[in-house]
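There are 2 protein chains.
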Amino acid sequence: MELTILGCNAATPRKNAQTTAQLLEIKGQLILIDCGEGTQIQLRKLGIKFARIQHIFISHLHGDHFYGLIGLISTFRLLGRTADLHVYGPKAIKEIITLQLKLAKSWTDYSLYFHELESAESELILDHEKFTVETLPLDHRVYTNGYLFKEKEGPRRINKVMIDKYGVDVSDMENLKQGKDIRLEDGTLIANAELTLSPELPKSYAFCSDTAYKSDLAALVAGVSCLYHEATFLDNHQDLAVKTKHSTAKEAAQVAAEAKVGELILGHFSSRYSDLNEFIVQANTHFKNVSLAEDGKRFVF
Amino acid sequence: MELTILGCNAATPRKNAQTTAQLLEIKGQLILIDCGEGTQIQLRKLGIKFARIQHIFISHLHGDHFYGLIGLISTFRLLGRTADLHVYGPKAIKEIITLQLKLAKSWTDYSLYFHELESAESELILDHEKFTVETLPLDHRVYTNGYLFKEKEGPRRINKVMIDKYGVDVSDMENLKQGKDIRLEDGTLIANAELTLSPELPKSYAFCSDTAYKSDLAALVAGVSCLYHEATFLDNHQDLAVKTKHSTAKEAAQVAAEAKVGELILGHFSSRYSDLNEFIVQANTHFKNVSLAEDGKRFVF
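Protein sequences, first through last, are from chains A and B. Under numbering that gives the first Met the number 0, the final residue of the first sequence carries the number 300; numbering is consecutive throughout. Under numbering that gives the first Met the number 0, the final residue of the second sequence carries the number 300; numbering is consecutive throughout.
Warning: the hint list may mix true and false statements.
In silico EDC-like links for lysine to aspartate or glutamate, alpha-carbon gap of 20 Å or less [claimed, not checked]:
id, chain 1, residue 1, chain 2, residue 2
1, B, K101, B, D83
2, B, K90, B, E122
3, A, K104, B, E117
4, B, K26, B, D126
5, A, K101, B, D138
6, A, K104, B, E115
7, B, K101, A, D138
8, A, K101, B, E122
9, B, K104, A, E128
10, B, K104, A, D138
11, B, K93, B, D83
12, A, K104, B, D108
13, B, K104, A, E24
14, A, K104, B, E94
15, B, K242, A, E115
16, A, K90, A, E128
17, A, K101, B, E115
18, A, K242, B, D108
19, A, K129, A, E193
20, B, K26, B, E133
21, B, K244, B, D108
22, B, K101, A, E94
23, A, K179, A, D138
24, B, K296, B, E257
25, B, K176, B, E152
26, B, K149, B, E24
27, A, K242, A, D138
These are computed hints drawn from the structure, not numbers from a lab.
Could you put together the complete structure from these sequences and hints?
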């Protein structure tokens, strides 16, 4: 998986800091997660072929997470898009977007599907051939979901050395990938396990923004390869975190530690902090493998 | 008056080309005209103290002219604005904005007034102490208005030389500015015209985007100091101009010539053109004093 941070600033965009949007490449599919104002401009600046995006997941209806959506949907139309587009987000997202398309007399020529969410429980919302997406109910001032992206287990991998040793025919490769045993021309049966290696370990990514510390979240994201968790504040603003239902760097790291994730990315920083290194320092008291999100930064896991 | 182009690209923002937004400073007031996506980011980049904006005029409800409005309104709230904000635009603009504020549970703490327009005739919509604003009904695919900003005539200007010659007292200055005659201590009546100069000539600015060539527009903008007129296409795309209800550079210049304006600014260029100089060349066949809009460019008139 490859994750590109398009923006990670809290509340409002700044001169050199966009609001939340991320691009996730998973099994060749390009997925957009949140879409703050100016996301389409950021996509262009980073040279991303964003017409490939087929799924967009919006966490909640605060502006810094979705004011760029209507512009992106309109631009897809202007660029002559024909491929379907699926938008997942809180109930009412369809009303907001379609009202604007209607008033602009600019219906999309491509099929635009809205998948509106309102459950307070985690649910499977996309079962793609190569991956799944589940919601992660969060605790914010308005109805909010994080999203958990999980690769499905791929085919078994051909063990080239053993294939050559037994002289297995190329026509058997597909059966081998599917886990089947193989009978050689002389009638000998060779067990699949002898000719193949285990599939690559499926990777997973959890996106959690915006939320107060939520004690049941760790169970839902247990063992993910990478966790993005918002860290709007440092410890000295714990009162603001409580009041605005955001997290501190320590709280984000606590979730990462409880869930035993592979790595933690912090983001959604309040503009009040000029030195972000302290977020790492405070998070490290609970979890070691921590990075900071940054506009344009790529993470591969 | 000082006009700053924040963006002038048609349809969608590009890497280095924002969609329509302009800032007009008139008699010390800061006015925003149209508000494409990312306008607030552009305002920050140009170092403009945008909290001073009290009036916003939206021409029509196509995204490249107003998708940045909701973000700006939200940011004003987050920055603790208390001053009133007046938004002028087509009917339904209030519904779009308030729906989004409601769903975000983020009502503004400042007073937000919507002035919704639906007349097909030019009307006076703002009568400020120092200037007026009238609508300029345009011809586009959806209901669209340009706007005409006119300074009111200022006070008469004191003629310092004559004041000194007659020894007029400082307490008479306000009366002189208002056009009154003055009686000296010795009883002599001095005519106002002898002690003052005419007020500065009021300036005016007409903003016209988006529109097909409209034959009755010239009468409405006759003699303005500066006319901004969209020029989405060059001559070779006249068919597209007709189809999409936009103007060519020549048509924009034709309006300028008919209206005998002081200067013409062209903008709203289609992204298909890499060399914009041809817009000047083609416009010059009808009108000489032509400039091209450009992100960040300032015009003083």
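Hints, verified against the model:
Annotation: proposed proximity of K101/B to D83/B holds, straight-line Cα distance about 19 Å (limit 20 Å). At roughly 15 Å between alpha-carbon atoms, K90/B and E122/B fall within 20 Å of each other, so this suggested pair holds. Proposed proximity of K104/A and E117/B is supported: the alpha carbons are some 16 Å apart, at most 20 Å. Pair hint K26/B plus D126/B holds up; C-alpha atoms about 13 Å apart against a cutoff of 20 Å.
A threshold of 20 Å between alpha carbons decides the hint, and for K101/A with D138/B the separation of about 19 Å falls inside it, so the pair holds. Among the hinted pairs, K104/A with E115/B is consistent with the structure: their alpha-carbon atoms are about 18 Å apart, no more than 20 Å. The hinted pair formed by K101/B and D138/A meets the criterion: a straight-line CA distance of about 19 Å does not exceed 20 Å. Between K101/A and E122/B, the direct Cα distance comes to roughly 26 Å. Violation of the 20 Å bound is thereby established for this hinted pair.
Proximity of K104/B to E128/A is assessed by CA-CA distance (about 37 Å); at most 20 Å being required, the pair is judged violated. Note on K104/B and D138/A: the hinted pairing holds, with a Cα-Cα distance of about 15 Å set against a maximum of 20 Å. For a cut-off of 20 Å, the pair hint linking K93/B to D83/B stands: about 15 Å separates their Cα positions. Straight-line distance between C-alpha atoms of K104/A and D108/B comes to about 32 Å, which puts the hinted pair past the 20 Å bound.
Note on K104/B and E24/A: the hinted pairing is violated, with a Cα-Cα distance of about 32 Å set against a maximum of 20 Å. Pair hint K104/A plus E94/B holds up; C-alpha atoms about 16 Å apart against a cutoff of 20 Å. Between the alpha carbons of K242/B and E115/A the distance comes to roughly 36 Å, so the proposed pair goes past 20 Å and is violated. For the suggested pair K90/A and E128/A, the alpha carbons sit about 26 Å apart, so the restraint of at most 20 Å is broken.
A hinted pair counts as satisfied when its Cα atoms are at most 20 Å apart, and K101/A with E115/B qualifies at roughly 17 Å. The straight-line distance between the Cα atoms of K242/A and D108/B is roughly 18 Å, inside the 20 Å bound, and the hint therefore holds. Distance check on the hinted pair: K129/A and E193/A sit about 26 Å apart at the alpha-carbon level, beyond 20 Å; violated. A C-alpha spacing of about 17 Å is found between K26/B and E133/B, which places the hinted pair at or below 20 Å, so the restraint holds.
Taking the CA atoms of K244/B and D108/B, the gap is near 39 Å; set against the 20 Å cutoff, the hint is violated. This hinted pair checks out: K101/B and E94/A have alpha carbons roughly 13 Å apart, not beyond 20 Å. For a cut-off of 20 Å, the pair hint linking K179/A to D138/A is broken: about 46 Å separates their Cα positions. Taking the CA atoms of K296/B and E257/B, the gap is near 26 Å; set against the 20 Å cutoff, the hint is violated.
Of the supplied pair hints, the one linking K176/B and E152/B holds, its CA atoms being roughly 12 Å apart against a limit of 20 Å. Taking the CA atoms of K149/B and E24/B, the gap is near 12 Å; set against the 20 Å cutoff, the hint holds. At roughly 12 Å between alpha-carbon atoms, K242/A and D138/A fall within 20 Å of each other, so this suggested pair holds.
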